[in-house]
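K.L.:
If you read the protein sequences in the order shown, they are chains A and B. One gets the numbering used here by counting positions in the first sequence from 1 and adding 426 to each. One gets the numbering used here by counting positions in the second sequence from 1 and adding 426 to each.
Keep in mind the hints are simulated off the structure, nothing from the lab. Built from N, CA and C at the ideal position, the CB exists for glycine as well. Take the hints with a grain of salt, since some may be wrong.
[To be verified] Covered by chain A, per the in silico footprint, the following chain B stretches (three or more residues, Cβ under 8 Å):
| # | segment |
| --- | --- |
| 1 | 543 to 557 |
| 2 | 573 to 582 |
| 3 | 642 to 652 |
Chain residues, written in single-letter form:
Number of protein chains: 2
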Amino acid sequence: MIKVITSKENKQIKFALSLKENKYRKINKMFLAETYKSLEMALKNNVVVCTFSLCQIEGINDEIDQYIVSEEILKKLSSNVSPEGVVFIAKEVEIAPKKEEKILYLDHISDPGNMGTLIRTALAFDYDLVVVSENSVSIYNEKVINSSKGAIFAMPIKVGDLTPYLSTHQIIVSLLSDDSISLDELKVNDKFVLILGNESHGVKRESKRSATVKVKIPIKNIDSLNVAVAGGILMNKIH
Amino acid sequence: MIKVITSKENKQIKFALSLKENKYRKINKMFLAETYKSLEMALKNNVVVCTFSLCQIEGINDEIDQYIVSEEILKKLSSNVSPEGVVFIAKEVEIAPKKEEKILYLDHISDPGNMGTLIRTALAFDYDLVVVSENSVSIYNEKVINSSKGAIFAMPIKVGDLTPYLSTHQIIVSLLSDDSISLDELKVNDKFVLILGNESHGVKRESKRSATVKVKIPIKNIDSLNVAVAGGILMNKIH
Numbered sequence: 427m428i429k430v431i432t433s434k435e436n437k438q439i440k441f442a443l444s445l446k447e448n449k450y451r452k453i454n455k456m457f458l459a460e461t462y463k464s465l466e467m468a469l470k471n472n473v474v475v476c477t478f479s480l481c482q483i484e485g486i487n488d489e490i491d492q493y494i495v496s497e498e499i500l501k502k503l504s505s506n507v508s509p510e511g512v513v514f515i516a517k518e519v520e521i522a523p524k525k526e527e528k529i530l531y532l533d534h535i536s537d538p539g540n541m542g543t544l545i546r547t548a549l550a551f552d553y554d555l556v557v558v559s560e561n562s563v564s565i566y567n568e569k570v571i572n573s574s575k576g577a578i579f580a581m582p583i584k585v586g587d588l589t590p591y592l593s594t595h596q597i598i599v600s601l602l603s604d605d606s607i608s609l610d611e612l613k614v615n616d617k618f619v620l621i622l623g624n625e626s627h628g629v630k631r632e633s634k635r636s637a638t639v640k641v642k643i644p645i646k647n648i649d650s651l652n653v654a655v656a657g658g659i660l661m662n663k664i665h
Numbered sequence: 427m428i429k430v431i432t433s434k435e436n437k438q439i440k441f442a443l444s445l446k447e448n449k450y451r452k453i454n455k456m457f458l459a460e461t462y463k464s465l466e467m468a469l470k471n472n473v474v475v476c477t478f479s480l481c482q483i484e485g486i487n488d489e490i491d492q493y494i495v496s497e498e499i500l501k502k503l504s505s506n507v508s509p510e511g512v513v514f515i516a517k518e519v520e521i522a523p524k525k526e527e528k529i530l531y532l533d534h535i536s537d538p539g540n541m542g543t544l545i546r547t548a549l550a551f552d553y554d555l556v557v558v559s560e561n562s563v564s565i566y567n568e569k570v571i572n573s574s575k576g577a578i579f580a581m582p583i584k585v586g587d588l589t590p591y592l593s594t595h596q597i598i599v600s601l602l603s604d605d606s607i608s609l610d611e612l613k614v615n616d617k618f619v620l621i622l623g624n625e626s627h628g629v630k631r632e633s634k635r636s637a638t639v640k641v642k643i644p645i646k647n648i649d650s651l652n653v654a655v656a657g658g659i660l661m662n663k664i665h
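Let the sequences and hints guide you as you build the complete structure.
P.N.:
Below you can see the structure in the form of structure tokens.
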């Protein structure tokens, strides 16, 4: 169904805007996303509830409601200063991993840009699963969704801890400490969990204790790399 | 000199706030930065004009004015939601490169977070120089400064183009095209320029034409990596 909305007070617009808050995302199990690339990935995964766009979008199933809105309304819905032209509501659906051999564990990642970028990178390096610790930023945060560039609609993601993998997987912790081996020396098992820690506080003590191997990227002149950059370097090597 | 400021109308505060605008940064050749880590790196480089903090900072030269301010004023000065406790004014000083062998060229990078992260990563991998194209985001943008984590105070950076390096350096372009070689096959010369392109539009045609070699990071499932992540993977390999 295609419908034109002209008023900001329209109940669909109000509902969409409510999804900017974590509380309403949790109640409705839905979230906001945007860009045509993300929409394409979300459609493949059958999670699109409805779309808001400046003009009609071709190739969308009739069962998905299409709302044609003004630029002003689109700007309100979007979290970008210059929205690309489409915002949509998607259902939270857990994508089941086909296997659980190559796992990325995100230990208290707090920056949504880093979280989204790490999910995008895990998909690019064909990881089976991303496990996100309870205290990390919500994966349905708008900035996470945006910076994942659609990967949120294709990557299996679970919220949880390391327990299920401790006896079966090699536990690789990224840690700039003296007893860490250099990335080039690392031998990777078939089943592994790669752990990346918080931007300021690093990897939690429990995660460190679980480590089968500690690994570091050799750097100079500065204390650390951005966690999404370090994650990219590690995943490019370990996959 | 240490002085307590209680009013938001104070002229030092007003001056500092004016530096949030590109126009006033250009006129005064100064910019705002924050966090103790950045301050430490800026002090080493003798570019600190004055500091604004909640309490006195030890170990700062008497010639640098220290302003003690309220939490409310610090929040106004800071670009973070929860400021770490210090904001400072720094002078724009071009750091001369010791040599110009390993160069990163940023071709129309528009996201300040990516720009800052790439400068931080170039410093970590001991690059000699970062060249930023004219149409890239200003390196003195607050978000660039913040995400560089102090690297802006240690990394030689120039605004310019490829011309000076075309006849002397290997020109490596990161490009996801069919005729690009895989990163593992790349042989790097002593003198090279690594080019990274715009987040949406990639590397400019002129840069592509200048390429001695095109290189790609093999990925699956998704069109591209974040440019700062791709830059990290490339710089980890090429340095």
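K.L.:
To test your reading of the hints: which numbers does this structure violate?
P.N.:
none
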